[in-house]
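**Student:** Once you've looked at the hints, dock chain V against the given chain X.
Chain by chain, the residues:
Number of protein chains: 2
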Amino acid sequence: MTEFRSITAETGAPYGDPFPVHGPQDVAAACAAAEDAFETYRATSREARAAFLERCGEEIIALGDALIENAMRESGLPRARLEGERGRTVGQLRMFADVVRKGWWQQLRIDPAMPERQPLPRPDLRLRMIPVGPVAVFGASNFPLAFSTAGGDTASALAAGCPVVVKGHPAHPATAALVAQAMSAAVKACGLPDGVFSQITGPSHELGAALVQDPRIAAVGFTGSRAGGLALLRLAQAREVPIPVYAEMSSINPVLLLPEALKARGGALGTAFVGSLTMGAGQFCTNPGLLLALEGDGLDAFVASATEGVKAAQPQTMLTAGIREAYLKGVEAFASHAEVETLATGAPGEGTCGGTSLFQTTAKAFLADPNLANEVFGASGLLVRCTSEDEMIALIRALEGQLTATLHMDTGDEPLAARLLPLLERKVGRILANGWPTGVEVSHAMVHGGPFPATSDGRTTSVGSLAIDRFLRPVSYQNLAQSVLPEPLRDNALGDGTPRIYDGAMLAGR
Amino acid sequence: MTEFRSITAETGAPYGDPFPVHGPQDVAAACAAAEDAFETYRATSREARAAFLERCGEEIIALGDALIENAMRESGLPRARLEGERGRTVGQLRMFADVVRKGWWQQLRIDPAMPERQPLPRPDLRLRMIPVGPVAVFGASNFPLAFSTAGGDTASALAAGCPVVVKGHPAHPATAALVAQAMSAAVKACGLPDGVFSQITGPSHELGAALVQDPRIAAVGFTGSRAGGLALLRLAQAREVPIPVYAEMSSINPVLLLPEALKARGGALGTAFVGSLTMGAGQFCTNPGLLLALEGDGLDAFVASATEGVKAAQPQTMLTAGIREAYLKGVEAFASHAEVETLATGAPGEGTCGGTSLFQTTAKAFLADPNLANEVFGASGLLVRCTSEDEMIALIRALEGQLTATLHMDTGDEPLAARLLPLLERKVGRILANGWPTGVEVSHAMVHGGPFPATSDGRTTSVGSLAIDRFLRPVSYQNLAQSVLPEPLRDNALGDGTPRIYDGAMLAGR
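Quick mapping for you: the protein sequence lines, in order, are chains X and V. Per our numbering, the very first residue in the first sequence carries number 1; after that it's consecutive. Per our numbering, the very first residue in the second sequence carries number 1; after that it's consecutive.
Quick caveat, the hints were computed from the structure, so don't treat them as lab data. Among these hints, one or two may not hold up.
Partial chain X-side listing against chain V, Cβ under 10 Å, derived [unchecked claim]:
#: 1; residue: 51
#: 2; residue: 108
#: 3; residue: 125
#: 4; residue: 188
#: 5; residue: 191
#: 6; residue: 425
#: 7; residue: 450
#: 8; residue: 457
#: 9; residue: 464
#: 10; residue: 483
Taking lysine to aspartate or glutamate pairs in the EDC-like style, the calculated list, with each CA pair at most 16 Å apart, reads [unchecked claim]:
#: 11; chain 1: V; residue 1: 329; chain 2: X; residue 2: 39
#: 12; chain 1: V; residue 1: 427; chain 2: X; residue 2: 341
#: 13; chain 1: V; residue 1: 364; chain 2: V; residue 2: 295
#: 14; chain 1: X; residue 1: 364; chain 2: X; residue 2: 332
Glycine included, every Cβ here is placed at the ideal spot set by N, Cα and C.
Here chain X stands alone, though its shape is the one from the complex:
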């Protein structure tokens, strides 16, 4: 096979012009170009790099409606959602431009020399973060813009000073090609070497494997399935020089319905839950797949309104035939489980559509069978009824790492919430109160990450400005002459508005 084509998600039929199926030699060429571009790119000034990130956003906007139309056709997602996602994609490029200018990500540190110190003088020591090298990015099918070719991984790697080689997602090649074209236009417009950004395409796993194994690649960003993320992680660990893999893989995002909140608004919570569950056909990493509730007032009302909502839910086109198949299989496993009761199903998903399902089980059954904690990617929820706070706590302790946990709570629930919070902190990257986990803000205090297996590396986030840290490493300079030191560490850069840790104390910027 030397070519492949876009698929119209709604019909499953191919459309448009073919795209090249790249091979190992294309991977090698892209990685060589990235390596060649690295020294030039990482030496750009903060202002030049920020302007480039902004230009990337402008070029994406300049693609106009063709981008939205192709993304709609390839993903089956509606126009409003994709227009919003484009805004988010451009917004995060702008946020990283702002971050690059502010400079705290460089983590500058200066320990001035103490020539008179006894018994030994202290040398002059200065530290900064430098980019790790070329980064491989694997986009996600469910966010054809914000987590794909020019998504958060790409934006944060470029912000750090790393050239990027994207493995374009085969579920949206037309969208990916358009965005890659915009990125390359921005590279050219800013006078940067071509290798700062490239994209390879093709439907095979071998292509991605070759990319991760290329010795010039220094780190990997990935969003997708657990099987896919773990496969790349193993390849990266087996290299002669192992490299970090930041894989965002799977999560069932427990939602805890605390007693006072349930009592006060069980019915309303049920309706709102179905809204979050069915958004985007449930195809979100942060989809609320697991509900934990204590038996008591309001739980019946919650179940009644959630059941009603699920029954009324309309089928929605899913991203790919493979995702739909996995969804149906996952739902079937719950429906046929001896300890699981089907509370409601929506209109059945025919053709390329998925449906909506809500199940319930007991805490005892959930604890007895780890399969009940499997992620079903799509609109499927499982309510676990707990008979005591201790049972709820045991259940939380038994959970795998997750991206999020949500507390629905009132003032009267605070003592219970205070018991749960330390447990939840050890299991998840983000804890929400009285909201829904879908809808991830791109900002500075966001964590879209979490302990294994939510991600392969729980020390980081893939959304928000902290994501830049993934692609940096520290270097210390001892007694280097001012003229040889990197510019941001020179004495004459003090007072340029960049935050620094000076002799152990944080000095803020402008």
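**Tutor:** Coordinates of chain V only, in the frame set by chain X:
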């Protein structure tokens, strides 16, 4: 075997009371105690945690001369060195106390809510770093105090809020037992749970393997051989829940003698080099094992004085019989290599002593045989003569990751240094000018780390205050009520002097 004993390094003979050989059940008990202590310990106030770290230092001082005497006997290192190392050990506990109080390591971030934002409101988001959980620490034989039971790994993990389980180094069990006794006294004096610190002892690798495999252990700190570090890394990666391993493994620490510096002071550099090479019998991670020089004025003077210095070097007791054996084998491999010339050897090391050796080869030979880049732990140096700047650059490109690189340079060397600096940044964690890599300052801008295989994780350092980051991970809190939020993130903590990133801008502390 249920017991083992200290060995007098100088004679190889056992001495003193026996120490227990712990087994899997002891590992499990220590890890269970650490896990039990975790919630209490991580909830301590910054002040309480800082006071505990200071108390650890005081209890180590209170051990008095017995500590120094045992460390001397077990390591063969001289009194002045070990007194200095004790000062460093206590000093780094104090530095981390200061860091804990200052609070920037929490990386507090606040994105205030924007309820009026269009098209969607922004939630209130707050982020902090939390400790990862119980940490396993493997001490090094060559720093029985500063890199061992209460060394940098232990101090940084405790500062982060992680209980520590140390695998005491079998080369200095008496020293380790005394320090562990001091640590436990500090735990008790500060009213903390016993499990905040424990130590298991025994000579087998299985013990360490069991520790890394215990599901309650969340991260590993290690200083030692490449084989040892890689073995632990593989075990950690193969766990059901993989965990980070921070192993500081091997380095030959290239020293670059640039032409103008050589011309100006070739002879003096040779003398100073031998001083660094032979310090502590060469048993430093930062020992300068590799010299790179351009043919030209001053190189002969360097070789002459270095040769003279090596010939005059006296044998020194090595840490263990195993280390001495490996040293002799490593030296023999160089001495018998067809492309390597032996420039000088010091007085031969008999009994428990190692000697000193200096070799030279050509850049061509070095590039042709990767074995010439092997670390020889002990006083052994290899001078590589380069015929051109390009050859020196090719050689740097071919190097594995290293802890340090050193430039000896004058003003006239700056153009060459500017060419070399970007290459060196990609290979090492610390770049020094006109000094020697031995002697690692414990401060804020220090990096004692570097790309693989200098360490297993080039994103970090094991010395200096940045080391605390290894044992932290971010958690984000969305729309939590003030009364439920962790205290440092509450509104009423603003202005408490802790640095924060507020809406993207760094606000400094006091």
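**Student:** Would you list, in rising numerical order, the hints stated earlier that this structure does not obey?
**Tutor:** Violated hints (numbers, rising): 1, 4, 5, 11, 12, 14; every other hint is consistent with the structure.
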